[in-house]
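Given next are the chains, with one letter for each unit.
2 protein chains.
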Amino acid sequence: MFKDTFQRYINMVEQTLDQLPWKQNLINESMRYSLIGGGKRIRPVLALASAETVGGKPEAILQAAVALELIHTYSLIHDDLPAMDNDDYRRGRLSNHKVFGEAQAILAGDALLTYAFELLGNLDHAQPERLLRVITEVAMAAGKDGMVGGQVLDLAGEGRDLTLNEIEEIHKAKTGAILTVSARLGGILGGGSEDEIDALTEYAQSLGLAFQIKDDILDIVGDSETLGKPAGSDLRQGKSTYVSLLGLEGASKQLHDQIIKAQAALEPFADKGLFLKELAFYIEERKH
Amino acid sequence: MFKDTFQRYINMVEQTLDQLPWKQNLINESMRYSLIGGGKRIRPVLALASAETVGGKPEAILQAAVALELIHTYSLIHDDLPAMDNDDYRRGRLSNHKVFGEAQAILAGDALLTYAFELLGNLDHAQPERLLRVITEVAMAAGKDGMVGGQVLDLAGEGRDLTLNEIEEIHKAKTGAILTVSARLGGILGGGSEDEIDALTEYAQSLGLAFQIKDDILDIVGDSETLGKPAGSDLRQGKSTYVSLLGLEGASKQLHDQIIKAQAALEPFADKGLFLKELAFYIEERKH
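Residue numbers (our numbering), protein chains in the order written: chain A, 1 to 288; chain B, 1 to 288.
Derived from the structure by calculation, the hints contain no laboratory data. You may find that some hints are simply not true.
Straight-line alpha carbon distances no greater than 25 Å define the calculated SDA-like cross-link-like pairs of lysine to any residue that follow [to be verified]:
#, chain 1, residue 1, chain 2, residue 2
1, B, 40, B, 222
2, A, 172, B, 84
3, A, 172, B, 21
4, A, 98, B, 23
5, A, 239, B, 26
6, B, 239, A, 101
7, A, 272, A, 285
8, B, 98, A, 102
9, A, 98, A, 76
10, A, 277, A, 4
11, B, 23, A, 156
12, B, 23, A, 155
13, B, 3, B, 274
14, A, 3, A, 261
15, B, 98, A, 76
16, B, 40, B, 56
17, B, 23, A, 205
18, B, 277, B, 267
19, B, 23, A, 261
20, B, 98, A, 155
21, B, 239, B, 2
22, A, 172, A, 157
23, B, 57, A, 129
Just a few of them, taken from the derived set where beta-carbon distance is under 7 Å, the chain A residues facing chain B [claimed, not checked]:
#, residue
24, 29
25, 83
26, 84
27, 99
28, 103
29, 135
30, 140
31, 143
32, 152
33, 250
34, 254
As the structure is a computational prediction, the values presented were derived from the model and not from experiment. All C-beta atoms, glycine included, are put in the ideal place defined by N, C-alpha and C.
When you get a sec, could you build the whole thing from the sequences and use the hints?
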């Protein structure tokens with residue numbers, strides 16, 4: 001049941017991404033390379049599921065949901081650049097700049113980010129006020145006070161021992177903000193009440209933290225092939241993580257606490273919250 | 001009269017940029033460094049003037065007008081990167097990555113682009129439908145089929161002899177699209193009719209071309225100090241330009257033709273088009 005629904009969302013996302021009006025030229029090719037090359041699609045799935053949880057139709061917000069995946073993908077392309085994390089592999093394939101060169105990779109990222117706002121701006125049949133609210137919130141979550149700001153903090157923290165509070169602040173901005181806005185986007189465009197949007201927010205904040213703790217755990221216990229990237233890279237880079245600070249057991253407990261918290265936030269939805277509840281379990285159990 | 005109005009617009013732009021809620025941290029500092037460091041502010045001025053030309057209040061669209069300058073500034077920061085044009089100077093000062101480093105410069109550009117859509121998304125008192133139209137059009141003008149696409153073509157054309165048609169295609173995408181959408185943004189948010197928006201579009205398309213031809217001419221006849229960047233760099237890089245293809249006299253004639261064409265497009269506005277008419281002269285005569 002969960003798996004069926006999950007697969008239905010994934011199929012909608014993949015089909016929408018594939019059927020965007022791609023042209024036959026270098027910039028389109030380089031954007032597609034990173035976008036179509038797999039990935040967990042957590043952000044658009046979270047948006048679609050949130051819309052359905054508040055009684056909206058996921059089909060109606062597909063274009064907005066995939067915009068979130070475009071933003072996520074642009075951030076990966078830029079993060080992988082030599083000037084940043086200098087990663088040669090991503091999702092088990094060569095990273096964008098290793099295939100297209102640095103200049104083109106920078107531009108592919110820029111174009112993906114820009115295209116996301118084009119897709120948000122002309123979503124058909126959406127209430128204009130709701131759409132504007134979503135555009136503003138997505139920009140805030142992706143920008144200087146959200147994802148980009150988090151990457152700045154992350155780079156600044158490299159080679160330094162961080163406290164648990166510092167790590168949490170980095171992750172809240174770097175990955176949490178976009179995950180949270182994904183759920184909110186679904187809630188807002190799906191026509192949810194403010195109380196429902198608040199509940200989705202609380203859920204997604206805990207889910208985002210859980211997601212990151214799990215990432216840190218997988219870096220230690222995962223194998224490179226399943227992960228699609230070298231395991232143990234945090235350790236080699238001397239990065240402070242939940243595991244380096246809490247140990248594997250402590251981090252696993254934290255992870256579980258956040259999952260419980262996420263699920264508790266869904267109480268107002270009763271049975272309608274079932275998919276999101278199981279999505280939280282999926283995050284806790286995932287292997288990559 | 002022209003100069004007074006121009007200065008009034010410039011003051012509005014500078015004040016708005018300065019009074020954005022900047023925080024005291026690295027990402028804000030690096031964004032501000034490039035944004036506040038001068039520049040001609042042609043795009044926001046074009047937007048404000050276009051709004052006023054169709055009978056709107058420029059004060060009401062300031063936040064949207066400066067969003068255009070944020071997008072322009074982000075594109076300069078990324079264009080200057082070592083992987084792209086590798087320029088150490090911009091507007092007479094060290095370029096962003098020479099001051100903050102490459103990683104931070106990439107992120108400052110990303111954050112400026114993202115912030116632009118935040119500012120567009122929550123412009124107060126705008127008609128939601130108009131604002132969504134503007135957001136979509138700005139994204140299209142800035143993205144893969146506009147500015148970013150133009151930069152891709154530009155990089156691909158380096159070291160190759162281009163035809164006049166190829167040069168025009170590059171410039172239409174790289175600089176023309178954003179200039180055109182600047183005028184349209186003012187026309188749309190200012191409440192202009194579709195005919196008026198069309199007239200502004202035609203005006204801005206010619207103005208954009210004129211702007212680029214003038215850039216090519218200044219690269220030959222300008223001096224580095226006035227330009228704030230090394231003169232003669234096109235020549236040294238073996239770049240095809242309007243001057244290399246048409247000669248100085250031919251390029252100057254083309255420039256003048258475009259100015260006349262731009263001004264002709266303003267006829268429907270009669271006296272109300274006076275400022276934009278003189279702005280075209282200003283573009284033709286500018287020294288940097």
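So, against the hints stated earlier in the document, which numbers end up violated here? Structure breaks hints 2, 4, 19, 21, 24, 27, 33 and 34.
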